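Chemist: These are the residues of each chain, in order.
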Amino acid sequence: SQQGEEDPQALSIQEGENATMNCSYKTSINNLQWYRQNSGRGLVHLILIRSNEREKHSGRLRVTLDTSKKSSSLLITASRAADTASYFCATVFYNQGGKLIFGQGTELSVKP
Amino acid sequence: DAGITQSPRHKVTETGTPVTLRCHQTENHRYMYWYRQDPGHGLRLIHYSYGVKDTDKGEVSDGYSVSRSKTEDFLLTLESATSSQTSVYFCAIAVTGGAGELFFGEGSRLTVL
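Chains E and F, in that order, are what the protein sequence lines are.
Heads up: the first sequence runs through residues 1 to 112, numbered per my numbering.
Heads up: the second sequence runs through residues 1 to 113, numbered per my numbering.
Keep in mind that the hints were calculated from the coordinates and are not lab data.
These figures come from a predicted structure and were not determined experimentally.
Computed list of lysine-lysine pairs in DSS-like fashion (alpha-carbon distance at most 30 Å, straight line):
#1 E/LYS70 to F/LYS57
#2 F/LYS57 to E/LYS69
#3 E/LYS26 to E/LYS69
#4 E/LYS26 to F/LYS57
#5 E/LYS56 to E/LYS26
Next comes chain F alone, as it looks inside the complex (with noise of 0.2 Å):
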C-alpha cells in the first residue's frame, strides 16, 4: 500500500461551478499525477507533478489547473467545470522515480450536471 488518498470518492456539481480534487500522500514521493478515465478512451493524462511548485501538462490539460505546495498534497482543479468533465478522476504517485511504475488511488467520480 503506497498509502495515497483521494477525496472526495464522489461528487456531484453544477456546470460553472468551482471543483477542486485533493490526492495525498504518505510517503514523500517527488512524482504525482492526475488521469481522467472515459469509456473509449482509457486513461488520459491532465498534469504531472515532478515536485513543490513544478507541474507539466498532460494530454489533456485545458480547463484543469493543479497545485503543489507541500510534497504530501496535489489538487487537481476545475475552474468552471463543465459536462464534459464528468469523469473518473485518478491520481497516482511514482516510488521509483519519474519512469517507474505508479500506484493508483482508487478515484474521484465526478458529475457535472
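Extracted from the complex, chain E is given alone in its bound form (with noise of 0.2 Å):
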C-alpha cells in the first residue's frame, strides 16, 4: 500500500500542551497534506509542504519534511480543548498529481 502510516493513532494530552503527530510514507512524494477532521464532519485541509521543503508554520501549527526518512511531523503547540479532533496525514505521490492518498489518522483529545 502507498497509505501514509500515522503514529499514535491516540494521544490524550491536558490544554496547554504540546501535541506532536508523525506521518511516515513509502515513496518519493510531490507533497504532503495534513488536515484535521471534527467528530461527524468532513475533513478541513490545515497545511501542505512542498516536497523541496523542510518546514511550514501556520499560526500554531508547525509541519516538518524529512524526504531522506520519508516522514513528516505535526506539531500544535499550547493546544486547546477545541483542538479534539482526527488529524490525517495525505500524501501526493511523484509522477501521480491528482492522486492523494491519506494516513489512518491520529485521533487527539486535549482535555480542559
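Combine both chains into one complex, guided by the hints.
Modeler: Now the structure itself:
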C-alpha cells in the first residue's frame, strides 16, 4: 500500500501542552498535506508542504518534512480543548499528480 | 466555502440493490474525488476525476463505478451493494489543481443491510 502511516493512533494531552503527530510514507512525493476532522464532519485542510520544503508554519501549527526519512510531523503548540479532532496526513506521490492518499489518522484528545 | 454538496446524506438500502451517490460543485473545478471512511482504515480513495469523462481508479475501486458527464457533477455508483460497502462516503474537490489541497463535502452515510 502507498498509504502513509501515522503515529500515534491516539494521543491524549492536557490543555496548554504541545501535541506531536508523525506520518511516514513509502515512495517519493510531490507534496504532503495535513487535514483535520471533527467528529461527524468532513475533513478540513490545514497545511501543505512541498517536497523541496523542510518546514512550514501556520499559526500554532508547525509541519516538518524529512524526505530522506520519508516522514513528516505536525506539531500543535499550546493545545486547546477545541483542537480535539482526528488529524490525517495525505500524500501526493511523484508523477501521480491528482491522486491524494490518506493515512489512517491520529485521534487527538485535549482535556481542559 | 468551496460550494460542494453531497446527496443523499443518509441512505439505508438492501444487499444487491444499486445505489448512486451524487457530488455537486458550484465552481467548475477540474479534479473531483470519492473516498470512503471506515474505522481503522482512515480515508481510502475509490475513484477520482480530472475532467469531464476523465476518471481513474483509486485504492479500493472494486465494486464501484463513477461518471462525470458534466463538470459540476461526479456520481459514484454501487452496481449491487454489499454489506462491506457500508461506510461514510466523502466527496472532495481540488481547487488549485490535482496536487493541491482538497475541500470536502459533509459525507454520505450508507448502510447496506
